[in-house]
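**Q** Whenever a hint applies, use it, and build me the whole structure from the sequences.
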Amino acid sequence: MEKYDDYGVPRDVFSKFKWYYFYFPDLAVILGALFGIMIANGYFPKSQFFNMVIFDIATIILAIFLILRTNGDKRNYHIVILYLQKEAKRYHRHYRSMNSTKEINTDANYTD
1 MEKYDDYGVP RDVFSKFKWY YFYFPDLAVI LGALFGIMIA NGYFPKSQFF
51 NMVIFDIATI ILAIFLILRT NGDKRNYHIV ILYLQKEAKR YHRHYRSMNS
101 TKEINTDANY TD
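The numbers in the working numbering rise by one with no breaks, and the one at position 54 of the sequence shown is 54.
Bear in mind the hints are in silico, worked out from the structure with no lab data behind them.
Because the structure is a prediction, the values reported are computed rather than measured.
Please note that the accuracy of each hint is not assured.
[What the hints assert, rightly or not] Pairwise CB distance ranges, derived in the manner of DEER restraints:
| id | residue 1 | residue 2 | range |
| --- | --- | --- | --- |
| 1 | T70 | K46 | 22 to 30 Å |
| 2 | F24 | I79 | 14 to 22 Å |
| 3 | G36 | H78 | 14 to 22 Å |
| 4 | K74 | L34 | 19 to 27 Å |
| 5 | F35 | V80 | 12 to 20 Å |
| 6 | Q85 | F24 | 19 to 27 Å |
Each residue gets a CB set at the ideal place from its N, CA and C atoms; glycine is no exception.
**A** Structure (structure tokens):
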């Protein structure tokens with residue numbers, strides 16, 4: 001039994017908005033990429049036409065990659081958002097200073 005079955009919440013509340021084959025966040029990623037292409041094409045001079053075409057193709061490929069699903073049934077753009085939101089402090093290691101440690105006397109540094 002699912003968690004929302006106990007409280008009488010209809011299942012349609014959790015449904016996702018779909019327009020033809022695209023869900024709303026996927027459509028937002030594609031429209032954002034197309035908007036970025038339109039804005040960026042205004043900055044390319046006429047002599048850089050080949051670079052502009054390469055940029056357009058790379059942006060479309062990136063947008064398609066971002067809406068593909070990964071192993072955890074999450075979209076790649078969701079994985080990127082989760083990666084950017086994680087705490088940076090979690091991976092910092094703290095070391096004790098050398099002044100607070102005691103030197104150990106062993107037979108190797110024995111002097112007569």
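**Q** Which of the listed hints are broken here?
**A** 1
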